[in-house]
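Take a look at the letters that make up each chain.
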Amino acid sequence: MNTDIAIAILATAITAGTPIMYAALGEILAERAGILNLGVEGMMLVGAVSGFILALHTSNPWAGLLLAMLAGGFMALIHAFLTITLKANQVVSGLALTLFGTGLAGYIGKSYVGIRLPESFRAVPVPVLSDIPIIGPVLFNHDPLVYISYFIVPALWFLVFRTRAGLNLRAVGENPAAADSVGINVFRTRYIYVIAGGMLAGIGGAYLSLHYVPVWVENMTAGRGWIAVALVIFATWNPANAIWGAYLFGGLDALGLRLQTLNVTVSPYFLKMLPYIFTVLVLILVTRRNMLSRRGSPKALGLPYDREER
Amino acid sequence: MIIRGTRLTIEKRLVPSSSAYLVIPFISIFMALLVGSIFLYFSGHEPVAVYYKMFKGAFGSRYGITETIVKAIPLTLVGLGVALAFRMQLWNIGGEGQLYMGAFAATWVALTFPEGSVWWVMPAMIALGMLAGGLWALLTAIPKAIWGVNEIITTLMLNYVAILWVDYLVYGPWKDPAGFNFPLTAVFSDAATLPGLFDSRVHAGLFFGIVAAIILYLVVYHTRWGYEIRVTGENPGAARYAGMNTTRNIMLVMLFSGALCGLAGMSEVSGIGHRLQHGLSPGYGYTAIIVAWLSRLNPFAVILVAILFGGLQVGGFIVQTSGIPSSMVYMLQGLLLFFVLGGELLTGYRLNRVPATGEATK
Chain U
45 MNTDIAIAIL
55 ATAITAGTPI
65 MYAALGEILA
75 ERAGILNLGV
85 EGMMLVGAVS
95 GFILALHTSN
105 PWAGLLLAML
115 AGGFMALIHA
125 FLTITLKANQ
135 VVSGLALTLF
145 GTGLAGYIGK
155 SYVGIRLPES
165 FRAVPVPVLS
175 DIPIIGPVLF
185 NHDPLVYISY
195 FIVPALWFLV
205 FRTRAGLNLR
215 AVGENPAAAD
225 SVGINVFRTR
235 YIYVIAGGML
245 AGIGGAYLSL
255 HYVPVWVENM
265 TAGRGWIAVA
275 LVIFATWNPA
285 NAIWGAYLFG
295 GLDALGLRLQ
305 TLNVTVSPYF
315 LKMLPYIFTV
325 LVLILVTRRN
335 MLSRRGSPKA
345 LGLPYDREER
Chain X
4 MIIRGTRLTI
14 EKRLVPSSSA
24 YLVIPFISIF
34 MALLVGSIFL
44 YFSGHEPVAV
54 YYKMFKGAFG
64 SRYGITETIV
74 KAIPLTLVGL
84 GVALAFRMQL
94 WNIGGEGQLY
104 MGAFAATWVA
114 LTFPEGSVWW
124 VMPAMIALGM
134 LAGGLWALLT
144 AIPKAIWGVN
154 EIITTLMLNY
164 VAILWVDYLV
174 YGPWKDPAGF
184 NFPLTAVFSD
194 AATLPGLFDS
204 RVHAGLFFGI
214 VAAIILYLVV
224 YHTRWGYEIR
234 VTGENPGAAR
244 YAGMNTTRNI
254 MLVMLFSGAL
264 CGLAGMSEVS
274 GIGHRLQHGL
284 SPGYGYTAII
294 VAWLSRLNPF
304 AVILVAILFG
314 GLQVGGFIVQ
324 TSGIPSSMVY
334 MLQGLLLFFV
344 LGGELLTGYR
354 LNRVPATGEA
364 TK
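Chains U and X, in that order, give the protein sequences.
Position one of the first sequence corresponds to residue 45 (our numbering), numbered consecutively onward.
Position one of the second sequence corresponds to residue 4 (our numbering), numbered consecutively onward.
FYI, nobody ran anything at the bench for these hints, they're computed from the structure.
If a hint is listed, it holds; no wrong ones were tucked in.
No farther apart than 27 Å at their CA atoms in a straight line, the calculated lysine-lysine pairs in the BS3-like style are these: (1) X:K59 to U:K154; (2) U:K316 to U:K154; (3) U:K131 to U:K343; (4) U:K154 to X:K56; (5) X:K178 to U:K316.
Here are the simulated distance ranges between beta carbons: (6) X:F58 to U:A52: 53 to 61 Å; (7) U:Q304 to X:I149: 33 to 41 Å; (8) X:L25 to U:S155: 36 to 44 Å; (9) U:F205 to X:N184: 51 to 59 Å.
Note that the structure is predicted; figures quoted are calculated from it, not measured.
Ideal placement from N, C-alpha and C gives every residue a C-beta, glycine not left out.
Put together the whole structure using the sequences plus the hints.
Below is the structure:
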């Protein structure tokens, strides 16, 4: 009985953590290239709404997912153009992207609020693996997007730390002038990873509207995009670490939901505060740890690159 | 960029163009409306008619103008608060939460001393409202000042906490027993109500905004401390080298920034709602970020831009009756900020046209 509850909570932790993980992975790529994108929340919302609308009309969640990726990528392109080409302030541009994305998603999703998706992503148990006790139901009884994330995390880690492209990416984020001098195209690299980051945020948003809920509700991300930004610091800009952070936050979400159904005397408003308070506390602890162990952000993070000023 | 045989190059100006400072906001507004009209058109609305209706609704009648001022009051106060923090490159995105905490503390005073006509109730509401907003901001300023914890994320996270806290109160212990189960508190006594002005919903909170702008202007441009804030914002290294106490200044600036947002919350419950309620602010804390940036952090410009955005809010409300979602207003605000940011390039750079003769460097 107790193990059943534990398994249910752990399995929910993974589904609740997955959208945050996709978004955080995307932000890691952008920040590794030296571009801070605070528009994650907006990109997720636009991904969620556009994916939902197409999935509803085509009855095909995969089509929705594809559109969500493109929409997230397009949103990121706006930020890329403003911050890379026009050298605008990255903090303000990212905030503008979140405000714009929130408004845009609310605008185009207005007539879709509350409709339930007939064909959403469903759990597909992996043959054999899902029969393993405990591990099976926790890890291998999920929807396809969770399985894809199992592959994307190691793939991105390999890309960033074990390939020539990843070396170039890190060089651009650490020292763009040096990267430029050895022939790496700083502007192109930054554009590519900012847009790829937006696509991943779009997937994260679509995960909410195509599986987790699966309904479109205005502002349904409820701060998950911002938690993803915090998670990047927690993960010390390493895709492999994003997995633990995401499932930790997912677990907290799952625990809060579980406590509400168990009729505990704590007000649901306090339970809903948990992920936000937890994010603040974790951010404080992690920033201290990173400072003491001298693990910091990419050196050129937030700074525009100007060839005339190197 | 190649445009019909000529190449556009971007050249850095030695002195930022001053005419561009004035022209860019207007071009930005025009461009944002233009892009917004594409969305309006494709969702079956007549853009020009919609914009005309918005403008007329916000500025075309006595009622519209007073309602615009009603919205401009909190936008001014929060806009001034975040502008002060932005000056020091402190990204206070928590205006919304600080507003809610100010409203909460002011309401506590009003509900605890309901008998009314006690002269000190109003000053106490102002003081506690400001204190609560300031302390809420200070919660993020301390870790920022000591360990460099990212204040953008912490201030934003605390917005959700503050809103949930107010929801807890108005849905729970503070709910008005005579309120037909609506999420709101009992109505404040007269002593806890800010007097109305011009026979409209405009209230004395208007003076808070004007006085705060004057004080802020004097402090930022005419005091030693204001000078320290400006130097720290523009060059933190130089500030440290000159022996300025950055740690202390981060905490003080965030405290005052939050206090102004708290004052906005206090004046909303005391001047508009006369009670605390769910959904107290339609995102003033976020809109104020744009107000602050658009006014280039100048306190007096904040008032003017706040009136413009108050009008946008009222206009957006008016056209909701024609089936246009309120989120359009936020979309337009985001677009406006994009164009302002893009336009800033023109103040620092100059576009030059040169004939494309092949030999140009890439």
